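Following the hints, position chain F with the ligands against chain L.
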Amino acid sequence: MRTLLFVLKESLSGIHRAKFSAALTILTVSISLLFVGIFYVGGKNVLRIVQEIRGRVGFEAFVDNTATEADIQRLQEQLSQIAGIDSIEYISREQAIEVFKTLFDDTFLNVVEENPLPASFQLFLNPAYVREDSSRAVLRRVAALPGIDEVVYRERVLQRLIQVFDTMRNVLIGLGALFGVLSFVLVSNNIRLTIAARRRIIETLELVGATRGMVWGPFVIQGILEGLIGGALAGMALWALLRVFSWLLEISLRMPPEAFLSLIALGLTYGFLGAMLTVQRRL
Amino acid sequence: MKIIRMKNVQMRYPNGEGLKQVNLTVEQGEFVFLVGPSGAGKSTVLKLIYMQERPGLGQVQVGQFNSAKIRPRDIPYLRRQLGIVFQDFRLLEDRNVFENVAFALRVIGTRPKEIKKRVLRVLGDVGISHKRYQMPYHLSGGEQQRVAIARALVNEPMVLLADEPTGNLDPQTAEEIMQLLEEINMRGTAVLMATHNYDLVKRYNHRVVRIEGGVTLD
Ligand SMILES: Nc1ncnc2c1ncn2[C@@H]1O[C@H](COP(=O)(O)OP(=O)(O)O)[C@@H](O)[C@H]1O
Ligand SMILES: [Mg+2]
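Residue numbers (my numbering), protein chains in the order written: chain L, 231 to 513; chain F, 18 to 235.
So here's chain L without its partners, still in its complex pose:
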């Protein structure tokens, strides 16, 4: 217990004596963890947007004008059995005209005698089938049904968007990991410097019979503390940043509740591992 206090005191005085280097490490760790946080929050939002768009992707299947009520019933039945289609909405010819009228001037309709618009099914894809190859397979099966005239893909753009967002998310996750590794390297480098600066103390500790834990302890604790403080600072900075962006962009960007604790835990882990690794290699 007394030796534990001694180790703690030595590690605090280690940080105190290398104030500048420790402050610099904490700062850089918190900056790179802030990036991790930004990427995490960014990735999460991108993910949410992607999910939202995915729910909206679908196509229209136009029904042959000669189709009877019974045909429609049968088609509805058949469509509902195709895997990958989440929801089916039937739009009759009359409904189509109503929709058209709300969108355009109806003088155009007066020119033609008969309702030119076909009935259609609005089909929404299951998000799992949104990828281009699988959605095309669904589309082919729908087009093959007797009574379906034509299938029109409404949301090619959305699909492109999803792909862009997917890439973006992957890039963000990659960058987050990169900055995570960076903070790990920074901690371990700082510990290496501290060990070099404290050679004499280490030698003396070993000379007077300090156990290995006591020689390592101060450095490991120092790493943990630096990581911990860095993580907490990153969490606070992220929170502030989200507030500023919410205000600037007039949207609501909330701090995910787990983000703050995750950053602290991440900082602690990196600090601990960085210190352990260096200590193991250098002492």
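FYI, nobody ran anything at the bench for these hints, they're computed from the structure. It is possible that some hints are incorrect.
[What the hints assert, rightly or not] Restricting the straight-line Cα-Cα distance to at most 30 Å, the calculated cross-link-like pairs of lysine-lysine (DSS-like) are:
{"no.": "1", "chain 1": "F", "residue 1": "130", "chain 2": "L", "residue 2": "239"}
{"no.": "2", "chain 1": "F", "residue 1": "19", "chain 2": "F", "residue 2": "86"}
{"no.": "3", "chain 1": "L", "residue 1": "239", "chain 2": "F", "residue 2": "133"}
{"no.": "4", "chain 1": "F", "residue 1": "64", "chain 2": "F", "residue 2": "219"}
{"no.": "5", "chain 1": "F", "residue 1": "134", "chain 2": "L", "residue 2": "239"}
{"no.": "6", "chain 1": "F", "residue 1": "24", "chain 2": "F", "residue 2": "86"}
{"no.": "7", "chain 1": "F", "residue 1": "148", "chain 2": "F", "residue 2": "130"}
{"no.": "8", "chain 1": "F", "residue 1": "148", "chain 2": "L", "residue 2": "239"}
{"no.": "9", "chain 1": "F", "residue 1": "19", "chain 2": "F", "residue 2": "219"}
{"no.": "10", "chain 1": "F", "residue 1": "24", "chain 2": "F", "residue 2": "219"}
Predicted model only: the values in this text are computed from it and were never measured.
Okay, now just chain F with the ligands, sitting in the frame of chain L:
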């Protein structure tokens, strides 16, 4: 009773240098000089005793510890039974004389009251009590070596290992440090002192072990 026994010890550094054949014993309470030219292997012999290095052949027995059987995590407990001083003193520059000596006790978890008592006593023994709140860099070389000796003794070791303890001191101060080592030995602590100074050795009536080129001679 022998507290140190090295028999036919050979030890090689990665570069091929080291010890070829070393035989050495130190009895309880004895004062032994290990003398030889620089590069002969004196410091290496001491390193083998405090088990910073392990022998290639032969065994080193120090108290109840044996180089062939000791586990790395037991080495600290061996060191707690040894006092070690060097030519360059090796004090901690960031704390005063008292704290430098107390360090050896704090590491092993001695109670603060006990620490104070023992540090003050040993500082008195080496004649440096009056400078106990000074920082090491305010002390002369002789005074710094006294502090180093106090740190080595505060844990009441079975033997004091001294590697050229007078090597950095002027003759007058060296003589004073030798007197101090004599006193310490007189009070019962064994001393093993490595030196290349044959003249100094001649003036004291202690057993001498000569070493040359990694080989001890009788
Ligand atoms: N850490 C080391 N690595 C390699 N060679 C060493 C090391 N320490 C000492 N030596 C070599 O071993 C020999 C004995 O050195 P040392 O024990 O320091 O001699 P002394 O203390 O008698 O001057 C010398 O040739 C020296 O160069
Ligand atoms: Mg030497």
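Okay, the hints, checked on the actual structure:
| no. | hint | in the structure |
| --- | --- | --- |
| 1 | 130(F) x 239(L) | holds (18 Å) |
| 2 | 19(F) x 86(F) | holds (18 Å) |
| 3 | 239(L) x 133(F) | holds (18 Å) |
| 4 | 64(F) x 219(F) | holds (25 Å) |
| 5 | 134(F) x 239(L) | holds (22 Å) |
| 6 | 24(F) x 86(F) | holds (15 Å) |
| 7 | 148(F) x 130(F) | holds (20 Å) |
| 8 | 148(F) x 239(L) | holds (25 Å) |
| 9 | 19(F) x 219(F) | holds (24 Å) |
| 10 | 24(F) x 219(F) | holds (26 Å) |
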